[in-house]
Amino acid sequence: MRDVAAMTEKLPTWNLSDLYKSFDDPKIDKDLKKFKKQAEEFEKKYKSTIATSKVTAKHLKTVLDEYCKLLSDSSKPAEYAELLFSTKTKEAKVGALLQRTREAGSSIAKHFVFLELEIGKIPRTTYTKISKEKSLELYKHYLDHQRELAVHQLTESEEKILVETANSRGSAFARLFSEVTSRATYPLQRNGKREEMTQSEILTLLYEPERETRKAAASGITEGLKENSHVCTYIYNTLLQEKSVLDRLRSFQHPESSRHVANELKKEVVDTMTKVVVKNYDIVADYYTLKKKLLGLSELKDYDRYAPIAQSQSTVSYSEAKQMVLEAFGKFSPKLAKITEPFFDKNWIDAAPADGKQGGAFCAGVAPDLHPYVFMNFMGKSRDLMTLAHELGHGIHAQLSSRNPILYYQAVLPLCETASTFGEALVFDLLMERLDDPKEKLALLCGKIEDSFATIFRQIAMFRFEQRAHSARREEGELPTERLSELWQTSMQEMFGASLTLTENHAWWWLYIPHIMHVPFYVYAYAFGELFVFSLYAQYQREGKPFVEKYFEFLASGSSKSPEKLVKGMGFQIDDPNFWQGGCDLVRERVEQAKALAKSISR
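All you need for the working numbering is the position in the sequence shown, starting with 1, plus 1474.
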């Protein structure tokens, strides 16, 4: 990759007109009223017709077909508002639209509550009979899963209360967290000058080659986080307590149990994966011992984790990133590149950093009849290329899965990261092929190793932090910032062992992690996905072209089967510790490869 003036080109912002023309488009309110009326009519028409011994497969299919259409249509106003808000968190009018669509969504959703409750109450003999009929074949997995969830459901009136109050409970506090962190600025003291930066901008500096810049950035991040620590700690305590109450009401035994059920995973599977990853923490320590030598430091600090091995950092322009992603994807399959092209050509990507824009990156799949949207902050760094490949992988997954009804459109979380991580692997291999200089290869390899650490080991460390935080909140009551910081520091230091020292500044950094606020226990899905993809990619390298269509079919299945069945269909057993160990062994092999490469360079 050559050095370029990466930030001189105009970066794309997405075009949301496929949803609505603007935040004040009158069609939004018209649609909200229309969807509410349709939902009311749906409930009136079908309530009390399902939980009966007389229900037929034909009737249930009719209900579910109509339900899917309503879900798909009614999701669009809120999705539009969420996407718009992610780029304009400081605009009050956009925030008002977001809240209005969320409240309308709750008002609509309450009319669907009866459906899943009644599915769980269909008499067993009746369900056994009708579920075998061909007309219900498409929906059988959904129906089976809903019946498994019945034990955790409340009464209809209680469920409706929770739906209607959702926007004044947890999601309201999660939104407040997004607004606070998006509006926050972070001071950078450098060369005798102080400048205010956004979160995305200052986090990027942790990858700079100059240690003083990284150290200054780390201090600035902490200072900015401390500024809002009181309100963010209160938000997290509130969310922790709400989950405790809901878990008790729904009879979930452990704080993470509801996530396992939603992910259609057994606790034993997640526990096995976690134990294997923790057992392999020594891989992280081994690598950072190497990195300490490569950087010529006597002690490695937290702000040195992402320091580049190469003395100078290459940059990548957005147009170069686009070209490389399309080339890597096309090399795997022309079909993959063809699915990707419209994201670039039709402005389905918002890549330009902006004031008031949220940090991070995501891909939002709206509904099967609409294309997904990619969100990122492209800063011209090589890792932004990987982020682009990652999010476009999500987009490809959504496009292939669009053959499904909306109930199966989104892959369950553990498999959500499959296409994204696979996309990164394709781009990484292309880059490694292009490089001849051993030093450049080492730098790229180290970057990939660190990405794997962030996706596997760091996410499991965060998962363990969440387990500890939720348990502590239930046992100790409201937790002060210092207690949460202690749990964070402990969970993270375990991963590094003695190879790296986490400074006091780092103890505050749980305060910017959105997943723990918005989607509790989401993070272990990243480790699941990365380790699974390692096995998939090894299979692709063995099989070549015969693997391609099998992989596409896997992605196109969405969530129409459980993760266990989908993974088994690719030839793997997720309850086998050796499956997870195999993924960790591949990371260990890369570390050994980096050590050998470094040794050959130093000769």
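The set of hints was computed from the structure by calculation and includes no laboratory data.
Fair warning: there could be bad hints in the mix.
Stated by the list, open to error - Straight-line Cα separation of at most 20 angstroms, EDC-like style, residue types lysine to aspartate or glutamate; simulated pairs: (1) LYS1495 with GLU1540; (2) LYS1922 with ASP1903; (3) LYS2042 with GLU2066; (4) LYS1521 with ASP1505; (5) LYS1820 with GLU1514; (6) LYS1501 with ASP1539; (7) LYS1508 with GLU1540; (8) LYS1519 with GLU1553; (9) LYS1913 with ASP1778; (10) LYS1809 with GLU1682; (11) LYS1484 with ASP1843; (12) LYS1766 with GLU1682; (13) LYS1501 with GLU1556; (14) LYS1504 with GLU1514; (15) LYS1535 with ASP1618; (16) LYS1820 with ASP1843; (17) LYS1510 with GLU1565.
The hints, checked one at a time:
At roughly 27 angstroms between alpha-carbon atoms, LYS1495 and GLU1540 are farther apart than 20 angstroms, so this suggested pair is violated. This hinted pair checks out: LYS1922 and ASP1903 have alpha carbons roughly 10 angstroms apart, not beyond 20 angstroms. About 30 angstroms separates the Cα atoms of LYS2042 and GLU2066, which puts this hinted pair outside 20 angstroms; it is violated. For a cut-off of 20 angstroms, the pair hint linking LYS1521 to ASP1505 is broken: about 23 angstroms separates their Cα positions.
With a C-alpha separation of about 36 angstroms, the suggested pairing of LYS1820 with GLU1514 is violated against the 20 angstroms cut-off. Among the hinted pairs, LYS1501 with ASP1539 is inconsistent with the structure: their alpha-carbon atoms are about 25 angstroms apart, more than 20 angstroms. Annotation: proposed proximity of LYS1508 to GLU1540 holds, straight-line Cα distance about 15 angstroms (limit 20 angstroms). With a C-alpha separation of about 27 angstroms, the suggested pair LYS1519 and GLU1553 falls outside the 20 angstroms cut-off, and the hint is violated.
A hinted pair counts as satisfied when its Cα atoms are at most 20 angstroms apart, and LYS1913 with ASP1778 qualifies at roughly 19 angstroms. Proximity of LYS1809 to GLU1682 is assessed by CA-CA distance (about 37 angstroms); at most 20 angstroms being required, the pair is judged violated. Taking the CA atoms of LYS1484 and ASP1843, the gap is about 30 angstroms. The hint is violated against a cut of 20 angstroms. With a C-alpha separation of about 16 angstroms, the suggested pairing of LYS1766 with GLU1682 holds against the 20 angstroms cut-off.
Annotation: proposed proximity of LYS1501 to GLU1556 holds, straight-line Cα distance about 17 angstroms (limit 20 angstroms). About 16 angstroms separates the Cα atoms of LYS1504 and GLU1514, which keeps this hinted pair within 20 angstroms; it holds. Taking the CA atoms of LYS1535 and ASP1618, the gap is near 14 angstroms; set against the 20 angstroms cutoff, the hint holds. About 16 angstroms separates the Cα atoms of LYS1820 and ASP1843, which keeps this hinted pair within 20 angstroms; it holds.
Between LYS1510 and GLU1565 the CA atoms are separated by roughly 27 angstroms; this puts the pair beyond 20 angstroms, and the hint is violated.
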